[in-house]
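J.: Kindly produce the complete structure, drawing on both the sequences and the hints.
Heads up, the sequence shown is in this note's numbering, so the first residue is 10 and it goes up one at a time.
These aren't lab readings, by the way, just hints derived from the structure by calculation. Even for Gly, the Cβ is constructed at its ideal location relative to N, Cα and C. Among these hints, one or two may not hold up.
To be verified - Using C-beta positions, here's what the derived DEER-type ranges look like:
1. 55 with 130: 29 to 39 Å
2. 68 with 35: 33 to 43 Å
3. 154 with 118: 38 to 48 Å
4. 36 with 68: 18 to 28 Å
5. 144 with 110: 21 to 31 Å
6. 152 with 127: 11 to 21 Å
7. 152 with 104: 30 to 40 Å
Claimed, not checked - Lysine-lysine pairs mimicking DSBU-like chemistry, simulated, CA-CA at most 30 Å apart:
8. 12 with 35
9. 35 with 112
10. 35 with 109
11. 12 with 151
12. 29 with 12
13. 12 with 112
14. 101 with 35
15. 101 with 112
16. 29 with 109
17. 101 with 151
18. 101 with 29
19. 12 with 101
20. 151 with 29
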Amino acid sequence: MIKVKALAWIESNNYLFVVKNHDCIKSDDYYRPVGGGVEFGESTTASLHRELNEELGTEISIIGEALVLENIFTCDGFPGHEIIYLYPSVFKHAEFNEHKVFKLTEANGETYDALWIPISEFLSGTLRLVPEALLERYRALKQAATKITSDSSAQ
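T.: Put into structure tokens, the structure is as follows:
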């Protein structure tokens, strides 16, 4: 079954707000933007607002159009297939801009660490950001922005 997810790309001063997860089969930590599953009859934006409220007790503002990614993966030994709507977002509450660990609580009661990680940790391969296509897209956007900046300064 293909799942639809709504996630928030929350970036500030070259840090990304993510949730830390662990693949028990691969014995590997990985990080993912916060958000979650879209319920039947729910829009992706409504889902994203609901997930952040339920899991972190906070609100966000969506500040741009969604990037849509397909993610085919294996986690904890099980195959997965997702269509992800990734929205650039910012926190409405300033306390979430503090660089500390926040507890993210899933509907089933499981808790995870949500925190700010330097994007350079993902770009260098020190930490793993998923879905992998997200990091590839981020690199491409940064290269394009660098090219535009260097082209305009050369004129």
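J.: Given the hinted pair residue 35 and residue 109, is their Cα-Cα distance within 30 Å?
T.: 27 Å, holds
J.: Does residue 29 lie within 30 Å of residue 151 when you go C-alpha to C-alpha?
T.: 24 Å, holds
J.: Straight-line Cα separation of residue 29 and residue 109 no greater than 30 Å?
T.: Holds, at roughly 13 Å.
J.: Has the hinted range 21 to 31 Å been met by the Cβ atoms of residue 144 and residue 110?
T.: The hint (21 to 31 Å, Cβ to Cβ) holds, given that residue 144 and residue 110 are roughly 22 Å apart.
J.: Would the pair residue 12 and residue 151 pass a check requiring their Cα atoms to be no farther apart than 30 Å?
T.: 29 Å, holds
J.: Is the Cα-Cα distance between residue 101 and residue 151 30 Å or less?
T.: 26 Å, holds
J.: Could you see if the CB distance from residue 154 to residue 118 stays within 38 to 48 Å?
T.: Check passed, 41 Å falls within 38 to 48 Å.
J.: Run the distance test for residue 101 versus residue 112: straight-line Cα separation, threshold 30 Å.
T.: Holds, because 17 Å separates the two Cα atoms, which is no more than 30 Å.
J.: For the range 33 to 43 Å, tell me whether the beta carbons of residue 68 and residue 35 fit it or not.
T.: Given about 34 Å between the Cβ atoms, the range holds.
J.: Regarding the pair residue 101 and residue 35, is the alpha-carbon distance no greater than 30 Å?
T.: Between residue 101 and residue 35 the Cα gap is close to 36 Å, so the pair fails against 30 Å, i.e. violated.
J.: What's the verdict on residue 12 and residue 35, does the C-alpha distance respect the 30 Å limit or exceed it?
T.: Distance of about 22 Å is within 30 Å: holds.
J.: Using the C-beta atoms of residue 55 and residue 130, is the stated range 29 to 39 Å upheld?
T.: About 32 Å separates the Cβ atoms of residue 55 and residue 130, which means 29 to 39 Å holds.
Going through the hint list in order, the structure does not satisfy hints 4 and 14.
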